[in-house]
Amino acid sequence: MRLPAFADREWRTGWAFAAPGLLTLALVMGFPLVYAALISVSSLTLLKPMLQPFVGAKNFVAVMSDPLFWGALWLTVKYSLVTVLGEFVIGLAIALMLNRTVTMKPVYFAVLTIPMAMSPVSVALIWRMLLQPNLGIANQVMESLGLPRVDWLGNADLALWTMAAIDIWQQTSFVVLILAAGLAALPRDPYEAAEVDGATALQQFWYITLPMLRPVAAIAVIIQLINEFRTYDLPYILTKGGPGTSTEVLSFFAYRRAFLGLSLNEGAAASFVLLLIVLGLTVLFFWSLERKR
Amino acid sequence: MQLKRSLISTLLGATMLAAAGPAFAEPVTLRALMEDVPETQIIEKLLPEFEKETGIKVEFEKIGYGDMHDKLVAQLVSPESYYNVLEVDFLWAGEFPAAGWLENLKPYVEKSGFDLKPIIPSMLDLLGATPDALPILPMYNYSMGLIYRTDLIGDAKVKADYKARTGKDLAVPATLADYVALSKYFKAAGGDVVGAAMQGQRGDPNSMEFSNYLFSAGGAYLDSGRKVVLNSPEGLAALKLYADNVQNGAQQGALSATLDDTMRLMCAGKAFSMVTYWWMLPQLDDAAKCPAVAGKLALSVMPGGHGESGGWGWGIPKNTSDESKAAAWKFIEWVQSQKISVARALEGHAPVRSDVYTDPAVLKKYPFYKTGLEVVASGKSFPIFAYSAQYEDVLGAQLSLAAGGQAKPEDALKAAADGLTQLLNK
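Here the protein sequences line up with chains A and B, keeping their order. Going left to right, the first sequence walks through residues 24 to 316 as the working numbering numbers them. Going left to right, the second sequence walks through residues -15 to 410 as the working numbering numbers them.
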């Protein structure tokens, strides 16, 4: 006779060990999530802080019928793709170089970790000073090289990409660390076989390194994609969403709704849309990864 | 028996200590979130005097304006606010009382006998005072005017060049159009001095700055019946001139600049003028801080006759203890007294009491306080209602689009006026 799962001692021990962690997760993640979900379908604002009455999808409709929402969504997609691509390409190049380096490796890693260890707010403030168009160092360097001064954050066509470059500067080290760990763990045998077969370095990279690194790279990409979709600190400090709406990404849009518009309910609705997009991307990414395996 | 006796005496001792609790209680510490501006530093210098007089400790947490609203709101909606005395901007004077976050200070005034008469009535109105309620007591004003370089406007070579280029005599501008033309002249002259240091970052910076242009051009946000009249010929003229000055008179990067950026630029001697708070003059006219421009600056009412009027006030949050509230009022009463207001004014404070503007010691040290009073008296206000902070953002986005050339001024102005109507009806 087969016993029910809960009667099994091992099953119960497993759950007993997992319970504290699951309970903590339920409290620190589950509760705020459920509360935010409730707010998003309520009439709660900062001026009327009560959860009643239930208004259904009204807040979602209000948010999604705002043309600024779609503009912010498109900017977020563009920004996320560019930053993740930039971080991945630069990160992979640095990781490959570090993989071949023998001496002073810990020093390189320590230096690379510095931007990652800094808070995005500090990073934004430092870059804001460096890029100050009239008194900042960046333009003074440009001028000394005979190049024209650039309006890094005040030009509507350039501001988003300046922000993306700052983000890439800070986040690339995270990608480097993950990819470097992945490269270090790759087996040597396929390379030795490829060398015997006369494969060039480029062929080895394309046919051996990249395919074997794919699971680790996928993790790095998905973590960064989630991070970039949630970007908030940089536009808040650097541009406040401007000039115009040229740097108003979705998380900043949600913040504006919640705290400037005093509509916590609409802010929560916008955040939930963001959450669903990120969740969808994550599922899609893992599904495609599993399918290729 | 021995054990029983020890237990009883321990219990008795504990009960006595508990009963004597209030006598041994820590004195109240007042905590305020303050904007990191000279006014805060002026008060901070005087705090030891208050602490000595009352035994109440006061702690200021200084941050930039842009972060204040969110930080305060988070505390005001919590069960107990960490900040027990509040510095409240006039832009929140509709929102905070409407949300029920502030104590009515009227009973405190009546109980303590604090005299409200010397306080400039427009400052009380600006901060939402009514015959029945006083949610916020004025702290200092930040009406805006024009600060300009006297050395440049008085320079013979500049005068001759200006006459040659424009056919007009160089003078302090009398209208907004004259001001923008002058600003553009300085930038076009090609030296290292631009015409205007402008704070064009979307939100509070550009909304406040544009309001001066609007009032100077004869426009308004609302009429006397609170109907939106922003989208008017005067409003359009103001927006066109604002965009023109950002593009052709201001420093590079004006669309991302804040007050700090404009101050640094003016201080470095790289701008002819700035539309700013009138009390910035002593901060810039300081040989130790700004040697490039000290002694070369003057203040005037905004060309056109009216600038943006603003002010900060003190409030007491409802979600603090009664003991804290009493201590907070004691502090507010002290800091706004005539004696302390004069002491503050001698350090550069922008008074809200008319008796300070006429104080001989103040006028002797700062003769421009006479012009300061004119700036305050002629100032007009941004619309104050529950969603003022959101409206700054709505307006700021449209101003930024128009000034950056991404939207036509006509379209931006219409969107800004529609946004105001929608928020007023919300």
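Wrong hints could be hidden among the right ones.
[Claimed, not checked] Covered, in the sense of this in silico footprint (three residues per stretch, anywhere, with C-beta under 8 Å from a C-beta of chain A), are these stretches of chain B:
| no. | region |
| --- | --- |
| 1 | 177 to 187 |
| 2 | 242 to 250 |
| 3 | 258 to 269 |
[Said to hold, decoys possible] Calculated Cβ distances over 12 Å to all of chain A for the following chain B residues:
| no. | residue |
| --- | --- |
| 4 | Gly48 |
| 5 | Gly50 |
| 6 | Ala58 |
| 7 | Gly151 |
| 8 | Trp318 |
| 9 | Tyr371 |
| 10 | Leu383 |
| 11 | Ala391 |
Just so you know, the hints here were simulated from the structure itself, not pulled from any lab data. For every residue, glycine included, the Cβ atom is placed at its ideal position computed from N, Cα and C.
Comparing the hints with the structure gives:
With 4 residues carrying a beta carbon less than 8 Å from a beta carbon of chain A, the region 177 to 187 of chain B meets the three-residue requirement, and the given coverage holds. Using a Cβ-Cβ cut-off of 8 Å, 3 residues of the region 242 to 250 of chain B lie near chain A, which meets the minimum of three, so the contact claim holds. Note: the region 258 to 269 of chain B has 0 residues with beta-carbon separation from chain A under 8 Å; the three-residue rule is not met and the coverage is violated. For Gly48 (chain B), the non-interface assignment is contradicted: its Cβ lies about 10 Å from the closest Cβ of chain A, within the 12 Å cut-off.
At roughly 7 Å, the least C-beta separation between Gly50 (chain B) and chain A is not larger than 12 Å, which violates its mark as non-interface. Listed as a non-interface residue, Ala58 (chain B) fails to keep its Cβ farther than 12 Å from every Cβ of chain A; the least gap is roughly 9 Å. With a least beta-carbon separation of about 31 Å from chain A, Gly151 (chain B) lies farther than 12 Å from that chain, consistent with its non-interface assignment. The claim that Trp318 (chain B) is not at the interface with chain A holds, since no C-beta of that chain comes within 12 Å of its own (minimum 32 Å).
For Tyr371 (chain B), the condition that its CB be more than 12 Å from all CB atoms of chain A is violated, with the nearest at approximately 7 Å. A beta-carbon of chain A is positioned within 12 Å of the beta-carbon of Leu383 (chain B); the least distance is around 9 Å. At roughly 7 Å from the closest C-beta of chain A, the C-beta of Ala391 (chain B) falls inside 12 Å, breaking its exclusion from the interface.
Hint compliance for this structure: hints 3, 4, 5, 6, 9, 10 and 11 are not met, and every other hint is.
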